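Build the full structure now, drawing on both the sequences and the hints.
As you go down the protein sequences, you meet chains A and B in turn. The first sequence: position 61 = 61 (the working numbering), numbered continuously. The second sequence: position 58 = 58 (the working numbering), numbered continuously.
I should point out that these hints are in silico values taken from the structure, not numbers from a laboratory. Computed from a predicted model, the values in this text were never measured in an experiment. Ideal Cβ positions, reconstructed from N, Cα and C, are used throughout, including at glycine. Check each hint, because a few of them may be wrong.
[Unchecked claim] To give an idea of the chain B side of the interface with chain A (calculated C-beta under 10 Å), a few residues:
#: 1; residue: Gly49
#: 2; residue: Ala57
#: 3; residue: Leu83
#: 4; residue: Leu86
#: 5; residue: Arg97
#: 6; residue: Thr100
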Amino acid sequence: MHSPVEQFTIKTLFALNLLGFDISFTNSSLFMLLAVVLSTLFLVLAMRPAALVPGRLQGAAEMMYEFVADMVRANVGSEGRPYFPFVFTLFVFILFSNMLGLIPYSYTTTSQIVVTFVLAAVIFIGVTLIGLIKHGLHFFSFFVPSGAPKALIPFLVVIEVISYFVRPVSLSVRLFANMLAGHTMLKVFAGLAVMLTGAGGIFAVGSVLPLAAIIGLTGLEMLVAALQAYVFTILTCMYLNDALHLH
Amino acid sequence: MILGDNSNHRQDGNSSLADRIKQAEQSAKGRVDKPPAGHMPVAGLALAGRVALELVAGVVVGGFLGWMLDRWLGTTPGFMLGLFFLGAAAGMMNVWRLVTGRNMKAGYFEEHRDADKDPDEKGNR
Numbered sequence: 001m002h003s004p005v006e007q008f009t010i011k012t013l014f015a016l017n018l019l020g021f022d023i024s025f026t027n028s029s030l031f032m033l034l035a036v037v038l039s040t041l042f043l044v045l046a047m048r049p050a051a052l053v054p055g056r057l058q059g060a061a062e063m064m065y066e067f068v069a070d071m072v073r074a075n076v077g078s079e080g081r082p083y084f085p086f087v088f089t090l091f092v093f094i095l096f097s098n099m100l101g102l103i104p105y106s107y108t109t110t111s112q113i114v115v116t117f118v119l120a121a122v123i124f125i126g127v128t129l130i131g132l133i134k135h136g137l138h139f140f141s142f143f144v145p146s147g148a149p150k151a152l153i154p155f156l157v158v159i160e161v162i163s164y165f166v167r168p169v170s171l172s173v174r175l176f177a178n179m180l181a182g183h184t185m186l187k188v189f190a191g192l193a194v195m196l197t198g199a200g201g202i203f204a205v206g207s208v209l210p211l212a213a214i215i216g217l218t219g220l221e222m223l224v225a226a227l228q229a230y231v232f233t234i235l236t237c238m239y240l241n242d243a244l245h246l247h
Numbered sequence: 001m002i003l004g005d006n007s008n009h010r011q012d013g014n015s016s017l018a019d020r021i022k023q024a025e026q027s028a029k030g031r032v033d034k035p036p037a038g039h040m041p042v043a044g045l046a047l048a049g050r051v052a053l054e055l056v057a058g059v060v061v062g063g064f065l066g067w068m069l070d071r072w073l074g075t076t077p078g079f080m081l082g083l084f085f086l087g088a089a090a091g092m093m094n095v096w097r098l099v100t101g102r103n104m105k106a107g108y109f110e111e112h113r114d115a116d117k118d119p120d121e122k123g124n125r
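So, in structure tokens, the structure goes:
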């Protein structure tokens, strides 16, 4: 019997070593690469006809583009334009990684905290640097609440700084935990179905129930996969907006 | 003759088009008044997850920063204890911002300063 968390094991496909660092190509790297290749192929092939009246594939690609473009416009404003390519790439990469993970026998790269935390850390450091470059030392006024009693300001500044450092943690844990929980749940129900079938007799008939649950959960997981890609991207937009406009 | 016919026809078309626009606007108004039913569960789901996580993350990050400071300055467990509670406060503040639609922005806001319009917020202060 397989453990429900066995699906998250990292397997080395071929070993690589760079200056003493283990940079082996793993199943996680493979699915990251697949997400990049498939999303690039999808966008390039969908936009190949460049028709005035889009077909189905082109329509899907244009909807994705407009969805992110509207998100950036609504949350960051026109100053967010230079960052649109990054935000769009981020959204497409997370969406494809999440969706690829739902295919049986595949691997979900976003179910590893390392992957999501690196993504979040890049955003956190990038956004902080943008804020520092745009506003100089004035950026630190971000942590000083205006209109608060003077005696409370030292405490409030510490709280603000902590709440600023919470951002990459909550951003990465949200995506990782949702993926991990969803896939574990699917495997638990799948294991139950297999065990009931193995038990035979009346139990084999009962295995229909966990099977039905898997079908429902797969639908839910698709929603979660799209929703978490959306949440990750919209929070990136909000952090970017904070850095560009302070308050 | 032909021109007259045409203009008449156009007028008819215009008036019926105006009627149809009015009708469409009215039916659209009725539709807008209803809350977008399809969107609510998804937004609620995303919000619920964020609230729970925000509470925990504040404490964890506060505690971790304190632990690092203690290791660096050798003041175990002073900073960890202090920042643990301040982290909890930060988590609660983030939740408050999240549910009041401020989306985890740091700092206080214009609407918070002139909150006199809203009696609830004034009471809270």
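- Violated hints - listed by number, lowest first: 6
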